[in-house]
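In the order they appear, the protein sequences are chains A and B.
The opening position of the first sequence corresponds to residue 1 in the working numbering, with each subsequent residue numbered one higher.
The opening position of the second sequence corresponds to residue 1 in the working numbering, with each subsequent residue numbered one higher.
Worth flagging that the hints you see were computed from the coordinates, not collected in a lab.
This list has only true hints and no planted wrong ones.
Calculated pairs, BS3-like style, for lysine-lysine (alpha carbon to alpha carbon, straight line, at most 30 Å):
(1) A:Lys106 x B:Lys71
(2) A:Lys109 x B:Lys57
(3) B:Lys57 x A:Lys45
(4) A:Lys42 x B:Lys14
(5) B:Lys57 x A:Lys2
(6) A:Lys79 x A:Lys42
(7) A:Lys45 x B:Lys9
(8) A:Lys106 x A:Lys2
(9) B:Lys14 x B:Lys83
(10) B:Lys9 x A:Lys109
(11) A:Lys106 x B:Lys9
(12) B:Lys57 x B:Lys9
(13) B:Lys70 x B:Lys83
(14) B:Lys71 x B:Lys9
(15) B:Lys57 x B:Lys14
(16) A:Lys106 x A:Lys42
(17) B:Lys83 x A:Lys42
The calculated label-pair distances, taken between Cβ atoms and stated as ranges, are:
(18) A:Ala67 x B:Pro75: 41 to 51 Å
(19) A:Lys45 x B:Gln41: 13 to 23 Å
(20) B:Thr77 x A:Ser53: 43 to 53 Å
(21) A:Glu56 x B:Gly40: 22 to 32 Å
(22) B:Gln17 x A:Arg41: 15 to 25 Å
(23) A:Pro14 x B:Gly40: 18 to 28 Å
From a predicted model like this one, the values you see are computed outputs, not experimental measurements.
C-beta atoms are modelled at their ideal positions from N, C-alpha and C, and glycine is treated no differently.
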Amino acid sequence: RKEVEQDPGPFNVPEGATVAFNCTYSNSASQSFFWYRQDCRKEPKLLMSVYSSGNEDGRFTAQLNRASQYISLLIRDSKLSDSATYLCVVIGRSYGGSQGNLIFGKGTKLSVKP
Amino acid sequence: DGGITQSPKYLFRKEGQNVTLSCEQNLNHDAMYWYRQDPGQGLRLIYYSQIVNDFQKGDIAEGYSVSREKKESFPLTVTSAQKNPTAFYLCATYPGVGEQYFGPGTRLTVT
Numbered sequence: 001r002k003e004v005e006q007d008p009g010p011f012n013v014p015e016g017a018t019v020a021f022n023c024t025y026s027n028s029a030s031q032s033f034f035w036y037r038q039d040c041r042k043e044p045k046l047l048m049s050v051y052s053s054g055n056e057d058g059r060f061t062a063q064l065n066r067a068s069q070y071i072s073l074l075i076r077d078s079k080l081s082d083s084a085t086y087l088c089v090v091i092g093r094s095y096g097g098s099q100g101n102l103i104f105g106k107g108t109k110l111s112v113k114p
Numbered sequence: 001d002g003g004i005t006q007s008p009k010y011l012f013r014k015e016g017q018n019v020t021l022s023c024e025q026n027l028n029h030d031a032m033y034w035y036r037q038d039p040g041q042g043l044r045l046i047y048y049s050q051i052v053n054d055f056q057k058g059d060i061a062e063g064y065s066v067s068r069e070k071k072e073s074f075p076l077t078v079t080s081a082q083k084n085p086t087a088f089y090l091c092a093t094y095p096g097v098g099e100q101y102f103g104p105g106t107r108l109t110v111t
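This is chain A alone, in the form it adopts within the complex (with noise of 0.2 Å):
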């Protein structure tokens, strides 16, 4: 199992649309979780930390299932703005490794359709 997986997509939504992502995570010990969004040919830029009790920041929605080893982002009313490859980040103590502790999935595409 990979250390962080997401599906890839694309995602392709009408505007308006609720969309939801899933981010699975193999290492149970990880303890900070993100998503960034990333715009075509820029750099990644944080979204929104994910907590342990779920956040709200607007129309975006993160929430962490430490028992299935996942965490979700849903947005809602999605607008063509929101178009975008949105990446989840584990960080955690144990990993070891040749990383640190920051893992990145590989990303979600998103595009918002009018």
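Could you slot chain B onto chain A? The hints should help.
Okay, now just chain B, sitting in the frame of chain A:
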């Protein structure tokens, strides 16, 4: 303004030439990272440094070299040994807690 600077934004080189990509930060973060991203792909770690004068290979270090002589700077050299160097290169820093911060990236094209 605190941030990460990568220069240049676009870089063109002939095959067989070494090229150095710059990454400078004034965020006072100890850890710095270099990633490579190919079209439609995720980020792949090349090298990282958690402290000055120390760095570690990432998952795809072959054909690359780095140095970390100053906290603020973590240059990446793409050597002629790198078989497919054309890619988008991202530098990032990490303060040890919270999220990772990215520079704007350098798009390298080797012909």
